[in-house]
Structure formats: structure tokens, C-alpha cells
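Those protein sequence lines, which keep their order, are chains A and B.
Numbered according to my numbering, the first sequence spans residues 1 to 226.
Numbered according to my numbering, the second sequence spans residues 1 to 226.
Heads up, a few of these hints could be off.
No distinction is drawn between identical chains; accordingly, a pair holds when it is met within one copy or between any pair of copies.
Dumping the calculated SDA-like pairs for lysine to any residue here, alpha-carbon to alpha-carbon at most 25 Å [claimed, not checked]: (1) Lys133 / Gln218; (2) Lys70 / Ala192; (3) Lys144 / Asn118; (4) Lys70 / Glu85; (5) Lys70 / Thr86; (6) Lys133 / Ser95; (7) Lys146 / Phe177; (8) Lys146 / Arg50; (9) Lys148 / Arg72; (10) Lys133 / Ala216; (11) Lys148 / Leu3; (12) Lys146 / Ile124.
Hints are computed from structural coordinates only; laboratory data are not their basis.
2 protein chains.
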Amino acid sequence: MPLNPNAAIEITAFSWVPQFAQGVVRDLRARWALEEAGLDYRVRLLGQPRPTEYLREQPFDQVPCFNDGKVRIFESGAIVQYIGETSEELLPRDSQGRFRAIQWTYAALNSVEPAILNLLQIDIFFRNEEWAKLRRPGAEDFVKLKLKRVSDWLGDKEWLEDRFTIGDLVMITVLRFLRHTDLVTGFPNLAAYLKRGEARPAFQRALADQLAVFAANQPQPEGAAA
Amino acid sequence: MPLNPNAAIEITAFSWVPQFAQGVVRDLRARWALEEAGLDYRVRLLGQPRPTEYLREQPFDQVPCFNDGKVRIFESGAIVQYIGETSEELLPRDSQGRFRAIQWTYAALNSVEPAILNLLQIDIFFRNEEWAKLRRPGAEDFVKLKLKRVSDWLGDKEWLEDRFTIGDLVMITVLRFLRHTDLVTGFPNLAAYLKRGEARPAFQRALADQLAVFAANQPQPEGAAA
Numbered sequence: 001m002p003l004n005p006n007a008a009i010e011i012t013a014f015s016w017v018p019q020f021a022q023g024v025v026r027d028l029r030a031r032w033a034l035e036e037a038g039l040d041y042r043v044r045l046l047g048q049p050r051p052t053e054y055l056r057e058q059p060f061d062q063v064p065c066f067n068d069g070k071v072r073i074f075e076s077g078a079i080v081q082y083i084g085e086t087s088e089e090l091l092p093r094d095s096q097g098r099f100r101a102i103q104w105t106y107a108a109l110n111s112v113e114p115a116i117l118n119l120l121q122i123d124i125f126f127r128n129e130e131w132a133k134l135r136r137p138g139a140e141d142f143v144k145l146k147l148k149r150v151s152d153w154l155g156d157k158e159w160l161e162d163r164f165t166i167g168d169l170v171m172i173t174v175l176r177f178l179r180h181t182d183l184v185t186g187f188p189n190l191a192a193y194l195k196r197g198e199a200r201p202a203f204q205r206a207l208a209d210q211l212a213v214f215a216a217n218q219p220q221p222e223g224a225a226a
Numbered sequence: 001m002p003l004n005p006n007a008a009i010e011i012t013a014f015s016w017v018p019q020f021a022q023g024v025v026r027d028l029r030a031r032w033a034l035e036e037a038g039l040d041y042r043v044r045l046l047g048q049p050r051p052t053e054y055l056r057e058q059p060f061d062q063v064p065c066f067n068d069g070k071v072r073i074f075e076s077g078a079i080v081q082y083i084g085e086t087s088e089e090l091l092p093r094d095s096q097g098r099f100r101a102i103q104w105t106y107a108a109l110n111s112v113e114p115a116i117l118n119l120l121q122i123d124i125f126f127r128n129e130e131w132a133k134l135r136r137p138g139a140e141d142f143v144k145l146k147l148k149r150v151s152d153w154l155g156d157k158e159w160l161e162d163r164f165t166i167g168d169l170v171m172i173t174v175l176r177f178l179r180h181t182d183l184v185t186g187f188p189n190l191a192a193y194l195k196r197g198e199a200r201p202a203f204q205r206a207l208a209d210q211l212a213v214f215a216a217n218q219p220q221p222e223g224a225a226a
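Model the full structure from these sequences, guided by the hints.
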């Protein structure tokens, strides 16, 4: 069991987030990679509001941070890549295989995620704003174009390259940000790819462990406390 | 001189782009990294419309692609990291220094660039749209928050960590997407940081070489041909 309170590796995570974010907070990427690599880790939970000094660890006030006593970093892409360097299961050792995987990690985070998070923000945070109503069709079209690009590349392959890598791990967590829509379903090979990633036992454990934290820290309805 | 038609390293670039994009197209990142590393390279230019088969090299129809005969990749972040692995000038060799640099590369591309490109798109592509007018103040505030986060981290340091790395190289190219605004000027340490990066001779050569291509391929005004 990778979750281990005495592990050398520590990641940060939120103690609770609203429903829409449960199961997609970025510590999921680190948890999933650690599960795939079979590395024990412990979690340092952050409540709300975060302590101001957290900005000295993570300047953007996000999770996860990673610390194994040797390397202390933030940014889920960098963390997943660092974990990948310890495990050939996640990152091939030959230069071409290695950098194809790293390339897809960057592609997921820079060429796909921004369009998807833009739509998610419109649908969750700004849905009652006039601009969001006017903008949504164009923002959705842009997401569809990005999905088409990934779908066309994927074709009938199982993974983005010839085996599962950190590139797939990150891409699958990016596609999960669309779970409030049926956009991925419009690309059957992409929907199957997403399902294939989510079916991995390491993903299932990572997801269950993230959700367990939120269940344990569910705020009481007002008035329920005494 | 890194630009060399017989070089083993090839990158792709656009033969021409409109004024607003000249000097910020992403092949600049690869050119700059190659200049810092002192590696010769040649450029394969792509006209408009791009040939459909280019999508098999670059699924998102962007530049640059990189090919040195051993590794063939796309995504400027991955390319800059690959070049960094050949040159300690760009990427420290110790684990902590190396991954702090990689972390900032991801941070520039995932935690900062999306907010900035969102504003750039509002100002360039959508400026006459009603939603863009309504959205702009909020989009600008979000950019300011991101700039504040980077500025607070930077403090009075010269670079994001204790020396220049690929993380600074990419962050500086991200900040350049705001050159149509005075937002960076609002953070004097960030403005000085940007200036410090742009003053590097390797940056100056990379920029001049990108701009020279566009000058050489400037479309003739209609009617001037024939």
C-alpha cells in the first residue's frame, strides 16, 4: 500500500474541496504515478484558508508539492516526471521513448488542458455571467478541436505512443476535467482511452485515496454542529 | 553561428505570421535554447496552409518540431528540456537543481501562460466581440494575480532559482506575450527580470533570426504582384 504515514515521500493535498473538484484535484496525478511506481508516500493536508507561508513552497497556492528528502518541487507535470525517472513503468529509458512521453506530458498540460479548464470555469464559476453565456459555444468548439487532434493522433492505438507512460497519465487526468459534459463521448476512441486509463488498478487506488480524504473532512451543514 | 543549413538538428517554423505574433512564435524558445547551448541548427519553414501531413508530426498543427536524427519531438517545453540535457548552461546536473528548473518550465507553461494567452486572444482575435469586452477586466485581473505570484517569488533574485535555467527561458518567453500591455511594468522586479532575459546575447540572436524569416517572406500588398 503506497499510502504510509512513515514514508519518506510527502505530497500536499487539500483536506476538502467542493463536489465539482473531488476526483480531479491535481494531487491525483502524483498519487497515481506513485501507485504505478509502487512508491510509498504520505500526505500533508492543507485546510482553508491555506497558511500564507505555503506560498514559499508553492507560489501559485496550488497542490501538490512533492518532497522526498532529496528533491522538493511543485507542478504536477514536474512531479510526475520525477517519479517517472524512478520507474521504467512510467517513463521509457531510451532517449526517443523518454522524450516522446515527456512531450505528451507537456502537450496535455499546455496544448489541451487550457482549453478544457476554460470551459470548466465557464460552466462552474461563471455560468451566470453574461459573457460566459455568449462565450460558451466558441469555448466548446475549441475544446472539440483539441479533442479531435488527440483523437486523430490516437487512432486505434492503445496509448499515445507504443506503451503507457506519464504522457497518458497526465492526458487522462486532463480529459477527466470534462466529466460534467459528454464531449469525450463524441470521440469513441478517446472515450475508450479514458476508460482504459481509469481502469488501471493504480488509478483506482489513487482516486479512492483522494476521495477518502474529502469524505473524512466533509464540512458539517450549518447548524449541525453544536 | 548556430544557424547552419547543414546542421543535424532541424526545427520547424512558420515562413510568415502577422505582426502581433512576430517575435513570440514558439520556435523562439527552441532557437534561444540552441543558441545558449551553442548547438548548430537548421530551420524547415512551413507556409500557409500547412500541409495536412504535418499533423502526423505535430498533432496540434503548431511549431516547433525538433529532430536531431536521434529524437523527434514537438512541444516547446519538451524541446527546451531536451536541449537542456545537452548543456549544463541551461539545466543543472544535480537532481534538485535539475527538477527545480523543470518545475519552472511546467509552471511557466501551465500555471502562467494560459491566463496570459487568454488575455492576448481577447485583445487580438476577439476584441470586437461583446463577450470579450465584458470578460476583459476579469481576465486582466487574473493575469495580474499570476504576475504577482511570480513577482513575489522572484523578490530581488536575478533568476527564479539561483542561476539562469530553462525555467527562466520559458517564463521570459511567456511574459513576452504581454508586450501589447503595460501589465509587466506594474511589477518592477518582473520588468527587470524580463529585460535581463531579453538582454542575453543568445536571446538577441534567436529573436533576430526569427524576425529575419518574416521580413524575407513578407507578403506583397494585393495588386503589387504581377
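So, going through the hints one by one against the coordinates:
no., hint, verdict
1, Lys133 / Gln218, "neither (32 Å within a copy, 39 Å between copies)"
2, Lys70 / Ala192, "neither (38 Å within a copy, 32 Å between copies)"
3, Lys144 / Asn118, "both (13 Å within a copy, 17 Å between copies)"
4, Lys70 / Glu85, "both (14 Å within a copy, 20 Å between copies)"
5, Lys70 / Thr86, "both (13 Å within a copy, 23 Å between copies)"
6, Lys133 / Ser95, "neither (46 Å within a copy, 47 Å between copies)"
7, Lys146 / Phe177, "both (14 Å within a copy, 22 Å between copies)"
8, Lys146 / Arg50, "between (34 Å within a copy, 17 Å between copies)"
9, Lys148 / Arg72, "between (36 Å within a copy, 22 Å between copies)"
10, Lys133 / Ala216, "neither (36 Å within a copy, 43 Å between copies)"
11, Lys148 / Leu3, "neither (37 Å within a copy, 35 Å between copies)"
12, Lys146 / Ile124, "both (20 Å within a copy, 21 Å between copies)"
Hints 1, 2, 6, 10, 11 from the earlier list are contradicted by this structure; the remaining hints agree with it.
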